[in-house]
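Join the two chains into one complex using the hints; note that each chain is given alone, in its own frame.
If you want the building blocks of each chain, they are given just below.
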Amino acid sequence: MSKRRVGAASKANGMSIGRSKEDNNLLDALKLYEAKNYKKSLKLVETTLKKNSQHVDSLALKALNLYCTDQKAEAETYVQKALSKSNVGGPSPIGCHILGIYMRNEKRYPEAANFFQTSLDTGSTNKQIYRDLATLYSQEHDYKNLLRARKAYWEEFMGYRANWTSLAIAHDLNGQQDEAANVLTKFEELAKGKLGETEAYEHNECLMYKNDLLYRAAGGDSEKLQRVLKHLDEIELEVFDKYAWLERRAAVYLKMNDKQNAAKVYRTLIKRNPDNFQYYRFLEIALGIQNDEKLKTLLYKNLQKFYPRAEPPKFIPLTYVKGEAEYAQKLSAYLLPQLQRGVPATFGNVKPLYKGDRERTPRLAEKIVLDFVASLDSNGSPLTYVWTCYYLCQHYLYSKDLTKARDYIDSAIAHTPTLVELYILKARVLKHAGLLSDAAETVNEGRKLDFQDRFINTKTVKYYLRANLIEKAVEVVSIFTKNDGSVNGVMDLHLMEGSWYVAEEAESYYRLYLESKQKLGVLKASEDPAEEEAQDDHATQIRLLAYQTDKFGGLALKRWSAISKFYKQFKDDQLDFHSYCMRKGVPRAYLEMYQWGKSVYTLPIYVRAMRGAARLYFSLHDELQASQEDNNSTEETPAVKKGNKKAKKEAAAFKKRREDDKKAVLAYEKDDDILGEKLISTTTPLQDFAEKFYLNYAREATDSTRDYLLEFEYQLRCGKLSLCLGALVKYADTQGERNSMVGAMLLCLLDRIKSSPQIDEMTKKIALKGLERHFTSLPLDQLENKEFDWITFYRENYEEFSLGALLLIRRSLVQIISLETVKQLILENLGSQEPAVQDSVLKYDLN
Amino acid sequence: MSKSPVNLDNVYSNNVGTFQKIANTVLPVNYPEKFFQEQFDDNVKNSYFTQLAYFGEVAVGGVRAELISNKTGGVKATGVYIQILAILEAYRGKGIGSQLLNYIEEQCKSHFQHKIFVHVAVDNEQALQWYSKRGFKVEGDVLQNYYKDTSGSPDAYVLAKQT
Numbered sequence: 000m001s002k003r004r005v006g007a008a009s010k011a012n013g014m015s016i017g018r019s020k021e022d023n024n025l026l027d028a029l030k031l032y033e034a035k036n037y038k039k040s041l042k043l044v045e046t047t048l049k050k051n052s053q054h055v056d057s058l059a060l061k062a063l064n065l066y067c068t069d070q071k072a073e074a075e076t077y078v079q080k081a082l083s084k085s086n087v088g089g090p091s092p093i094g095c096h097i098l099g100i101y102m103r104n105e106k107r108y109p110e111a112a113n114f115f116q117t118s119l120d121t122g123s124t125n126k127q128i129y130r131d132l133a134t135l136y137s138q139e140h141d142y143k144n145l146l147r148a149r150k151a152y153w154e155e156f157m158g159y160r161a162n163w164t165s166l167a168i169a170h171d172l173n174g175q176q177d178e179a180a181n182v183l184t185k186f187e188e189l190a191k192g193k194l195g196e197t198e199a200y201e202h203n204e205c206l207m208y209k210n211d212l213l214y215r216a217a218g219g220d221s222e223k224l225q226r227v228l229k230h231l232d233e234i235e236l237e238v239f240d241k242y243a244w245l246e247r248r249a250a251v252y253l254k255m256n257d258k259q260n261a262a263k264v265y266r267t268l269i270k271r272n273p274d275n276f277q278y279y280r281f282l283e284i285a286l287g288i289q290n291d292e293k294l295k296t297l298l299y300k301n302l303q304k305f306y307p308r309a310e311p312p313k314f315i316p317l318t319y320v321k322g323e324a325e326y327a328q329k330l331s332a333y334l335l336p337q338l339q340r341g342v343p344a345t346f347g348n349v350k351p352l353y354k355g356d357r358e359r360t361p362r363l364a365e366k367i368v369l370d371f372v373a374s375l376d377s378n379g380s381p382l383t384y385v386w387t388c389y390y391l392c393q394h395y396l397y398s399k400d401l402t403k404a405r406d407y408i409d410s411a412i413a414h415t416p417t418l419v420e421l422y423i424l425k426a427r428v429l430k431h432a433g434l435l436s437d438a439a440e441t442v443n444e445g446r447k448l449d450f451q452d453r454f455i456n457t458k459t460v461k462y463y464l465r466a467n468l469i470e471k472a473v474e475v476v477s478i479f480t481k482n483d484g485s486v487n488g489v490m491d492l493h494l495m496e497g498s499w500y501v502a503e504e505a506e507s508y509y510r511l512y513l514e515s516k517q518k519l520g521v522l523k524a525s526e527d528p529a530e531e532e533a534q535d536d537h538a539t540q541i542r543l544l545a546y547q548t549d550k551f552g553g554l555a556l557k558r559w560s561a562i563s564k565f566y567k568q569f570k571d572d573q574l575d576f577h578s579y580c581m582r583k584g585v586p587r588a589y590l591e592m593y594q595w596g597k598s599v600y601t602l603p604i605y606v607r608a609m610r611g612a613a614r615l616y617f618s619l620h621d622e623l624q625a626s627q628e629d630n631n632s633t634e635e636t637p638a639v640k641k642g643n644k645k646a647k648k649e650a651a652a653f654k655k656r657r658e659d660d661k662k663a664v665l666a667y668e669k670d671d672d673i674l675g676e677k678l679i680s681t682t683t684p685l686q687d688f689a690e691k692f693y694l695n696y697a698r699e700a701t702d703s704t705r706d707y708l709l710e711f712e713y714q715l716r717c718g719k720l721s722l723c724l725g726a727l728v729k730y731a732d733t734q735g736e737r738n739s740m741v742g743a744m745l746l747c748l749l750d751r752i753k754s755s756p757q758i759d760e761m762t763k764k765i766a767l768k769g770l771e772r773h774f775t776s777l778p779l780d781q782l783e784n785k786e787f788d789w790i791t792f793y794r795e796n797y798e799e800f801s802l803g804a805l806l807l808i809r810r811s812l813v814q815i816i817s818l819e820t821v822k823q824l825i826l827e828n829l830g831s832q833e834p835a836v837q838d839s840v841l842k843y844d845l846n
Numbered sequence: 000m001s002k003s004p005v006n007l008d009n010v011y012s013n014n015v016g017t018f019q020k021i022a023n024t025v026l027p028v029n030y031p032e033k034f035f036q037e038q039f040d041d042n043v044k045n046s047y048f049t050q051l052a053y054f055g056e057v058a059v060g061g062v063r064a065e066l067i068s069n070k071t072g073g074v075k076a077t078g079v080y081i082q083i084l085a086i087l088e089a090y091r092g093k094g095i096g097s098q099l100l101n102y103i104e105e106q107c108k109s110h111f112q113h114k115i116f117v118h119v120a121v122d123n124e125q126a127l128q129w130y131s132k133r134g135f136k137v138e139g140d141v142l143q144n145y146y147k148d149t150s151g152s153p154d155a156y157v158l159a160k161q162t
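Chains Z and Y, in that order, give the protein sequences. Sequential numbering of the first sequence, starting at 0, is according to numbering that gives the first Met the number 0. Sequential numbering of the second sequence, starting at 0, is according to numbering that gives the first Met the number 0.
To be clear, the hints were calculated from the coordinates, so they are not data collected in a lab. Hints are not guaranteed to be accurate.
Stated by the list, open to error - Simulated crosslink set (DSSO-like; lysine-lysine; CA at most 27 Å straight-line):
| # | chain 1 | residue 1 | chain 2 | residue 2 |
| --- | --- | --- | --- | --- |
| 1 | Z | LYS583 | Z | LYS661 |
| 2 | Z | LYS471 | Y | LYS20 |
| 3 | Y | LYS33 | Z | LYS471 |
Excised from the complex, chain Y in its bound form (with noise of 0.2 Å):
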């Protein structure tokens, strides 16, 4: 095949259900509808990133990062926050990662920001590994009893990237 069978689109409100199927079924946190649903609320002022990865015509994969600028963010550092970012299992391997987080990379540069980061769960040997080879740092301390409802360990390390 010439062309690349992976390929990226935007998440509609229509079809926001598979990317919650990708995360629910990757992540061992389990996140609300509501959570979901954020992104198509005009009563949430925050911007997203989100995208669906499609190996062939099947959705495989997706991303979701929040931009935290300096002047809404209050406390929290600004950047590019990635909130979810996940690949089915069989799928992975295969780049597609990689590209979704070049899309998240990219939409950095256009929002003039210069730092990515994100939350890994301290047992997700797998993830660390991932980003690190890709630049990610381990920036603080653990944070404890980050995650709620989840299935693996509650804690977490941050990881940053500055491009």
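In isolation and in its complexed conformation, chain Z is listed as follows (with noise of 0.2 Å):
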């Protein structure tokens, strides 16, 4: 879209006559390099640079002519030839727009706005730059830039709407509405009664976008507020969206407190749209009736029968409803219609209560829905039957009473074994019981019994990952994906981004790098037998492990690496809106757009993915540190022996099998990196964790969001105590002082403060300083008595042991506290918890 735009300026540059054989070429070059020419408008480039190689737009041009024809290492080397001439006069305006084009190509947004400055400084005539410039500005947010760039371009195109439209996003994003609204306002006057049918979308849009300015610049103030009303009052008719313009109306009744008007109106939303929660709330509140639940149950009993299909009505009482006998007899009223019914969703509808209210809705939905079950007969009405079943299988999963749970799906199983739902929620409960193969052979089970369906299709391949079967998963997965050009569908679900499959592929493989290292220990620990040839079947062994070791962990960073990228694609994909809402006039879905784009690193996937990585990393980080502690610790994997006949064969075999796996797990078309290996055996893993995934989250994330701990663990690896510090008081501010993992925390810094050779006295002094001042009663006197008892001092200060309190503990490698007390200590904690999570903590962090 940007290639064009460089012949504008040729075309303005090339009727001065007199101009030099090289910038005359230069111009051929650049309409060739427009016409998507590269080849030839290389050559061109090259008969120039023959001649004069000192030519720098023409190095300029070379460069970019590069990078399109895919050679970027070489391009990146002309770049540099032609900035490095800079002191011969450096380029010209047209050499500037070239490497800005350049630098944008290769997303270094910054410079790339620097060279397109430069080149209008530098007397370009070109203004079309202003509007790259400008989109420039807005993917890096800088706000007083874009205004004035927005405003150059402004000025030479007032033609078009979207210059004006854009230029008051530019003014809001700086913060000054006002000014905004005057240019919408500016060109609505402008276009008064020229506006065609085709433009009546844009318009509305551009009209509510109006509204919104006004609104936010009104704050309290009524009479301003006033002037938003009669705003909307006069585009009533051009405006499309009918909720929007009807909330707004009510919001600014609801702030000038005038709620008899705010009432009407939300009742007219309601009409509207009779599902809508939030409405009813607003309602409420306009009503001045949030806290009376006699005039509540009024209200809503007069709108269920106004809107007898509609949910909320029946919904919202049994949020407040006090009484038990009354909240029963509703409950009952809602439940019963919809399992008489059939409705698969009955559970999840209520489940909003179970979790409001622990004890009382669980035990008056049991009473109610077995006594229901107990008056049906199963072949009378049949579907009935079966959907009541399951709503008890996910009752009794929710209150983790696995046995009654398994009755349930089974009984429904026998009845109607042809429905999909049935196996998925059976597999969940076995999920929960910890057996999580059986889990995805009944997932797979209610696959069979339709291929088309691609929910089934997904859920099983995430059960599989979850089984760790991941060639099934693969197998299954790649059913639905497009397979040309590899042998599974891998590559296409990184191409597709499908983050869901990535992350948990990556999970799967951390847990597989952690069995594998685990067994590999064990059999390096193992005595060498003494048998020559079991001895070469031993050193065979360890080296197939390690080898597999090496191959798990380097796929878990690289898939997380690829989420990593993913994110990195979503921020990068915001360039091409800059320009084009505008173009198509849709001001509002663009801000909300943008507002979204700030805070994409901190969206769940990649926080997971993040978190995954963390765990990783730092265990390579930990290992990194001991084995420089005792410096004699240098394992090697026994080296394979030479011309030995077996050892050949056993080479090629190896050799052979690497090949297959790069096959099975290749992710991208050009990869040299394919098994991770680069990734796992980095000798910086805290610095490859910071590039790669916490620097983005860590300027992302805002004060509430942010995840204390993470910061917390990652800063003491780093040995920055007093960051550390920062982190365990804001955690301690949000989860309370007696919270177990403050505890734990703490625990963990005043073992750094103690013992850890490698951070220096004065940041632990500082350290101590800050303990002292947030953290009031620790015993800080006593980390040089290695009497003192730690574990009770925590019993007596803070709540019971959480798991993830004690965990963090033992990853943290805390020397204040046995390894093995800790361990007893998680034993115990175990003891309360559910099967699923017993396996997974005693299979992956207890060894």
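Printed below as a string of structure tokens:
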């Protein structure tokens, strides 16, 4: 989209007579470049360079052509050459523009912006550059410069509405709502009566956006709010988004404390869409009855009559009714019709009540549904029966009564074995019981009922991955992917940014890594067998396991990094929208996206991948530290004996295996580290973690969303104790000073202060001072006392150990408490956990 | 409900698993995977009539019959032979089986056949009654050891109906 604009420049400049031959050649080459004739353009540039290797613009264009013909490494060298010539006068405006485009392609946006700006400053007459510049500033969230660029562009091309809209948005982003509204108003005046039907939608969006601006500028000022209302009246006929229009109206009334009118508008909104819960909440507020149970009951009784098919009037009363008898009656009136009709989502509908009212709802619902199921004839109304069993299974699963849950789901399946939902639920029950492979096979059984069903296909894949059966998962997932050029769907899933899959696979590889590492440890520790034959076998086994361990770990990191790349891509993909949305005239949607774009790296899957990667990177770091401490532990996998026929054969088999593995896990078309071996063999794990994951997150997370535990663990390994303390204090602020995790973090920190040789005394002293200030009750004077019992101290001062807290202490390798004691405490704690958690902790955390 | 909750639909290669599940749940005979794949195999030239019956949206029954014309049949009698007709237990007595049988009878007519026949295990009282109520009569002697892989009786009657 950008390429054409260089042409505009060439035309403007091409008119001047008396240019050097080089420059004329360059203009011809540019034309070829614009026509995507990169190779011809390259040739032409090269003839110039042969005669004059100092021609900066030609160097730049050469780089750009090389970049477009996929020779990125060479391209970069020519860019460097061009830049190094800047003492000879530097690139011309056109050259700067070319370099800017190159930088933008390379996603080096600030540099690109610099070159574009220089091109303009040194006299380029190509005003289109302002638009590109604005795009780049938008991407970088540089609002001040954005406004400047938008304004300059707008001054040049006032004939387009898009430029007015983008100027308004730029003002808005700079906090100048009034100016923004004025720009929009000016355009409206100019365009009055000249808008065709095709522009009506854009017009409506811009009008509503202007109202947004007025509303935000108004704050609590009632005079200004009146103006917002007046504006709403003016634009009513031209606005298509009636919901937004009405919602704004209601919001203004509420702000002006005109509750009567607000209530009226909310009733209109409910009439338009009786299934939106929010409108009901607002109606309560407008009526001023949110704390009056009686009046609310009356309100919802009436609303139920008006809207008998709507969900909220039936459901909302359940969220506030206090009296148990009345509640039971209402709950039953809510549940039974749904069960009778065989609504699969019945449990899902009441789950918020289970959560909100932990004791009462489960108890009452259980009785209601059990009575109901007892009254059923399983043949008379078979579907009702089956879905009621389905409900009861979910109920018992929620209450952690896995035996009963299984009974009900088994009888449902025996009754109607053709219902796929039943298999999914059964698998869920089995999963909680820790039977991961059985769970996977169960969903697979359901999948066989209908191969077309992608949902169940996906579920099956997920369950296989949870059970660490990656090969099966890949086989099943590949049914729905595009597999050309690859033996399976893994590459396609990367291309399609299927983060759910990539994240699950990463975790699966990570578990396999832990398993295989543990086996390797056992094998290495075992005695070398006496016989030579057996010795060889032993060595081979160790080599194989070492390879597998590295492969699994490498692939885990590889997949997690892939997720990081996806999110980077999401960021970069915004670039096109900074101009596209203006042309389409959708400022409201654009701003929504723009705000979303500010916190892409705090979205759940990214955070999940980051946490996963943190585990692995942290343990790599800890291992490196440990091996540095005792230098003699240079353990190596036994080398292959050469010359031996058997060994040769073995080496060949091993090589083949590696190649097969590579084919099966290939994620990108061109990749020089398919198995992630480079990733896992890093010598700077903390730095890798920071660059690939953490810095992005840390930049975007806000005080309220930040994961302070992760921050703590990261800084603990970096040796930055005062940052650790900062995270700890924040954590304690939100979770309470007696929180068990806070206790665990304190122990970790004290441990480092006491026994970490890598950290200098100054840092430790500062941290100690900080601890003294924030946690006054800490027995800091006992730190040197070897006899002091920190467990007792903990027990006296903090909530009972949570599993998370114990695991933190364990993986932080704390020395002030013996490892054995921590292990014992974890085992005790596991007694109260569900089987799935027990299994996972025993298998992956305690080994 | 004004519309009948029961609907019939074809069996496709993607959901033949559902059909298989019903057959193997209801019938004591264990049919192998291959048997169900037959009708989608281009190399198998026989014609089959298969349907799944849905109650609401749930598949609860199915039928599969083979057309045996005198050209290919050789020793077998010509007509339509019902290989499987099964309804999940909880969904019986709702006319689903009759609908499936109707379907077969229609196919019979449109293929100019006059005879439907079926094998029923001698100990399957319910099925014997069901078929005789619908005009089927026992034909010939009991076939000894007809079913191989079954948990019920291995002997079978031949029932037939002229249309």
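We went through each hint and held it up to the structure:
1. Z:LYS583 / Z:LYS661: Violated, at roughly 45 Å.
2. Z:LYS471 / Y:LYS20: holds (22 Å)
3. Y:LYS33 / Z:LYS471: Holds: LYS33 of chain Y and LYS471 of chain Z sit about 22 Å apart, inside 27 Å.
In the structure shown, a violation is registered for the earlier hint numbered 1 alone.
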